[in-house]
Amino acid sequence: MHGNNGSAFAGLTGNPANGDPHYNITLAFAMLVGRFGMIIPVMALAGSLGRKKLLATSAGTFPVSGSLFVILLIGTILLVGALTFLPALTLTPILEHFLMLNGKLF
Amino acid sequence: MAAKSHSIFDPAIIVPAIGESFKKLNPITLAKNPVMFVTEVGAAITTVLLVTGHGANFGFQFQIALWLWFTVLFANFAEAMAEGRGKAQAKALRATRTQTFANRLAGKGIVEKVPADQLRKGDVVVVSAGELIPGDGEVIEGAATVDESAITGESAPVIRESGGDRSAVTGGTKVLSDQIKIQITSNPGETFLDRMISLVEGASRQKTPNEIALTILLSALTLIFLIAMMSLKAYGIASTVDFSVPVLVALLVCLIPTTIGGLLSAIGIAGIDRLVQKNVLAMSGRAVEAAGDVDVLLLDKTGTITMGNRQATDFLPAPGVTKQQLADAAQLASLADETPEGRSVVVLAKNFGIRARELSEMANATFVPFTAQTRMSGVDMDGVNYRKGSSDAIRGFVGGKMPGPVENDVKSISGSGGTPLVVATNNRVLGTIHLKDIVKGGLSDRFERFRAMGIRTVMITGDNPLTAAAIAKESGVDDFLAEAKPEHKLALIRKEQQAGHLVAMTGDGTNDAPALAQADVGVAMNTGTQAAKEAGNMVDLDSNPTKLIEVVEIGKQLLITRGALTTFSIANDVAKYFAILPAMLVGTFKEIAPLNIMFLKSPESAILSAVIFNAVIIIALIPLALKGVRFRPLGAAKILARNLLIYGLGGILLPFVGIKLIDIIITAIGLA
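So the protein lines, in turn, are chains A and B. Residue numbers for the first sequence follow the working numbering, so the first one is 296 and each next one is one higher. Residue numbers for the second sequence follow the working numbering, so the first one is 2 and each next one is one higher.
In isolation and in its complexed conformation, chain B is listed as follows:
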């Protein structure tokens, strides 16, 4: 279920954000953001000069100081908005998770019903048949059968009992019979949702590598402009032009990249937010950035590219046998088969008019279960042994030789990517059942999108190479690895990383944990084991293996947004120069007036307009920062060219219009 995305203008988020922006004025926390820290210092200096000044030009200086403070506040507001939305998103998500209740033993035999997330380590709960186990724990009394399919995917129930090594139970599994007492061994609140919330919460948030690099760049620019300002003051003294400190501070603040400096943290938080909207919990901001650069994607076959279970799609009888006879025998051999494959055979047999027989009707039948040694299963009834199994096993059962056409059928089924199951009675081979792996729909389009972004998809399966090749062709992956064991997955990831690729991987089992940890982006399914979730750096709540597409897109979008706004911020400076520099000089040298190409009314209004534009542009760009620049699955060069045009050229041209507009407004109101 996708969490609702909050509208930007939600007052429930805006109002607390305003309060937060004042709290964030604290210089100690603001020092993490060098650009805004310099702005705050500038605002403070201007305010001090205003108060201790001799009233000269009070109105002008007052407005400069005011708008400088607004600049800092607007930047804080952007960050507070992003944090507020993140928290609201997480809260909504928490509310949708189904609430389990537990029967806690409160001593003296009293049983109290509490919500599962109020349980603490050491609590003892009693769980009866039909109830969900509320949290990870150990069985301290009793024995029961537990359905752990929610965690392991195994539908066969397991026995959990106190003492011995079958006493550990996991939260979310269901007790099928009897009753057990469980002692809880882990606290809620160390769940993945909480960890993700700490990622967006201001106090404990750490800068990601890309953010650090960008902050270094912005700090360097700030330093350069600071030195340029100081030398300008010196030049002024030499040319007998008086540059007052507020005007110099105004110029400095307009030049340093305050737009991107103020919006940088909001962009990062919004990126994690957007992931939550897609129901993916990121455990680190670094993983989100890595996702943007991923170029190899590893996907499991079963459950990811194909439906989890193979389905019987056809009966191919041996010569001299009718489809009816084959279907009949196949169905008999599959009645006791609990697996979905077996059930699909029974269902298919119905198409041939064979009524589903109940196990209880066949009192004189002995069922032969599947074992790893025989690799066959079936039923012995009225002296006839019905068997179905792999072609090798049945070949051995009937005495070493199968009819030619049957061998051909087996080969052609394997070649087309299916699994052949041969059916035999006593010594006679009746025919083959074609079990097909159904490829999930819409996948080849998804993989095409990956290719357009430059990402190579690799399918990993334990199947034989023939079957794997057929499935790979049908689904449209670029490459595949057949007969893969867990250590092969890990080796493949290492090999790709040595070659300089960034690898993303989805997984759910504990045997995926090493590979998930090694991959640069490891997405664990929510239905996967705890080990897998711990090893990976993202958790997909929908357990959808192709969710990685959205993750990669959001990662790229995050980096593109940062780049676009940085370009915009620096390009803005051109127009601000044309506004402020002539204004600073025209008092002493009116000949420089032609440089005032925007025809701004007066030096004071020019400088004020530039400062106001600088502050207002931060607020205006908050929606863009939170939503992210629109991402198209194109190659990097095309996206770059496009964004350079929009944000580079646009960044140069827009402020000319904006500053002129503000100038008209403030001279009309008479503020300058």
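Bound-form chain A, shown alone:
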């Protein structure tokens, strides 16, 4: 048994011995949409913002620098990200953690 540095994925591979292609296909699809497909909406956003009128800053302008904005941005990203992925996460890593604490695993 060679040393396991955690990157062997416990035997999970895209090319399993029985030739089942579904991991390869689903992973490929996820990468395509997640990395390249996202380019389209982001470019559309940039185009839409670029066409907007520039407003002058005043005391009533939303501050996009400074600690308030940083906290707000990080907080929103964490909150929305957590809300999106928590269901799936609870079912797997988090659940397994609790199982592990009780001596069981999946």
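Since the hints were made in silico from the structure, they are not lab data. Among these hints, one or two may not hold up.
As a list, the in silico DSS-like pairs of lysine-lysine whose alpha-carbon atoms are at most 30 Å apart [what the hints assert, rightly or not]:
1. B:Lys-88 - B:Lys-33
2. B:Lys-208 - B:Lys-628
3. B:Lys-496 - A:Lys-348
4. A:Lys-347 - B:Lys-208
5. B:Lys-88 - B:Lys-122
6. A:Lys-399 - B:Lys-602
Far from chain B, some chain A residues (derived; all Cβ distances over 12 Å) [as the list claims (entries may be wrong)]:
7. Gly-309
8. Asn-310
9. Pro-311
10. Asp-315
11. Pro-316
12. Ile-320
13. Leu-322
14. Arg-330
15. Ile-334
16. Gly-345
Just so we're clear, the structure is a prediction, and the values are computed from it rather than from any experiment. Glycine included, each C-beta is placed from N, C-alpha and C at the ideal position.
Given chain A's structure and the hints, the job is docking chain B onto it.
Then chain B, alone, in the frame of chain A:
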């Protein structure tokens, strides 16, 4: 007169609103609100499963379905309440407008008395001396003098007669003499009040830009959570945990931002309502939102910053002349002067012991009226020509030169922002009258408030730069534009808009119409002309030019309320996760129990508590949505920090308490 604000708990509004909430369940109208539409579909699916199910867990499923329907109904109720209050407000306002009666000719010489708003296009009315003209129309018979000061501000009466180009009359003006027959040319019901009512009425209401943007955001969130739910079902199959559809639907509805989704339209309607409470009729919801972002305010000097008319405040005699003599001559020269300035001179002269002389006493006097050419007025009496007028005109009258001290007086009066009127008899200059523009009280505080909000105030006047500068300093505006003609107003607005500012403007005359139309927020005075009211996007019934402060505050408050409730809605989700997710898993994996940090009694009660909290929070927040978040005139960063703390942090913490409380209640009653 401010319209009374209705208490939220007025049964006359609540009861019809309950009926309305059921009517709004119609999926076709509800589709405009994606979040609530998804909730309704979820409720329908749960109900269908309940009916076709095999009775497994009937009590639990029934309550879930029930509370899902309640969620949709509560959201509809919020909207119906806001609409009901809006209509009640408008009705109260309509009742306070004075009712004019008209004498309508019903053919064959019969004259019937009808209320003015029952008149229709084509009706013929007869108006006699002393009566108000009931509606816009054309004189078809007769001629009369009409006082149009209610519309134009000109107190000098005008002649209106049939035929020719002086036949058009406006509703609200008064006939002073003779009698005329008028044919009505416009229908009531296209008044501004009716247009505003259509803004709050459900069927014809359109979404404002900010509402559309927010709806897109909420729809995107809903879509994300929907996909998360579907993948959760798939994960469940893989982990051999059975997630039943009602439980998944319950989770979905709890996660999507139903609080803000349900209250969004109510907030918008309530914003227009609050404007009506301040006696401002908004012609578009978009204008209310634009008002919140305005950062430049254009104000007229006359009638806005200063009292409409200048008042005589002092007599400055030339060397060798007593104040008494000056006052006497000034008064004589002003007796025939109908303008308020002239009358104030007569009043001031009384302070010097000069009895007000009647015009009729002076039979041997010829009055010389003011003309644009001479720019003087006065009286010729007993061989003496008394004149008063501008310093240039009098200088010319006395032969080209005035005594040094008088010139100094004229300069110092101009420099201090007043208007000097020089008085002369024959060739002798007697002295100067100081006419002062009285700045309205309390204005510098109002302008300070504007500054705190980040809004720059600009005064526009036709006066010379010296006078304008003095008035600007006294009243506290940030900037001024002197010797301004109407086209300068328009140019200034365009320039500010190019620089990226949002401009608000108040106006009343027809010459203000282009500027009012160009401005992002144009508030027309109710006493202004029809053209001004059409060009602007708001009408101020009090004709108070500083009403814009309230308009801006309400606009900002509207946007802040939306933001606060959106933050609250999303922050609530954290606690709901901690309630529902452990409940869904603990049946198969009891090891996950520590995640139940609220120590909820059972999985069923946990899920039910979350769903009930989700529904009840909508009702609980209706008063806040209708009243709006309290607005303080601070900079944006401060307001944001404050509201994030209250609604963000509060939104995270409150549901923990709320769900636990509901859980205790329903387990005590034994419902789950």
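Checked hints:
At roughly 22 Å between alpha-carbon atoms, Lys-88 of chain B and Lys-33 of chain B fall within 30 Å of each other, so this suggested pair holds. A distance of roughly 20 Å separates the Cα atoms of Lys-208 of chain B and Lys-628 of chain B; the hinted pair therefore holds under the 30 Å criterion. Proximity of Lys-496 of chain B to Lys-348 of chain A is assessed by CA-CA distance (about 14 Å); at most 30 Å being required, the pair is judged to hold. For the hint pairing Lys-347 of chain A with Lys-208 of chain B, the CA-to-CA distance comes to about 20 Å; that is within 30 Å, so the pair holds.
Taking the CA atoms of Lys-88 of chain B and Lys-122 of chain B, the gap is about 26 Å. The hint holds against a cut of 30 Å. Pair hint Lys-399 of chain A plus Lys-602 of chain B holds up; C-alpha atoms about 25 Å apart against a cutoff of 30 Å. The claim that Gly-309 of chain A lies off the interface holds: its Cβ sits roughly 18 Å from the closest Cβ of chain B, which is beyond the 12 Å cut-off. The beta carbon of Asn-310 of chain A is kept farther than 12 Å from every beta carbon of chain B, the shortest such distance being approximately 20 Å.
Every CB of chain B lies more than 12 Å from the CB of Pro-311 of chain A, the least distance being 16 Å, so the non-interface label holds. Taking the minimum C-beta to C-beta distance to chain B, about 15 Å, the non-interface status of Asp-315 of chain A holds against the 12 Å cut. Every Cβ of chain B is farther than 12 Å from the Cβ of Pro-316 of chain A; the closest lies at roughly 18 Å, confirming the non-interface assignment. Once the 12 Å rule is applied to beta carbons, Ile-320 of chain A is consistent with being away from chain B; the minimum gap is 16 Å.
For Leu-322 of chain A, the condition that its CB be more than 12 Å from all CB atoms of chain B holds, with the nearest at approximately 15 Å. Against chain B, the non-interface label of Arg-330 of chain A holds: every CB pair exceeds 12 Å, the least being about 18 Å. For Ile-334 of chain A, the condition that its CB be more than 12 Å from all CB atoms of chain B holds, with the nearest at approximately 18 Å. A cut-off of 12 Å between C-beta atoms confirms that Gly-345 of chain A is not in contact with chain B; the least separation is 15 Å.
Of the numbered hints listed earlier, not one is contradicted by the structure.
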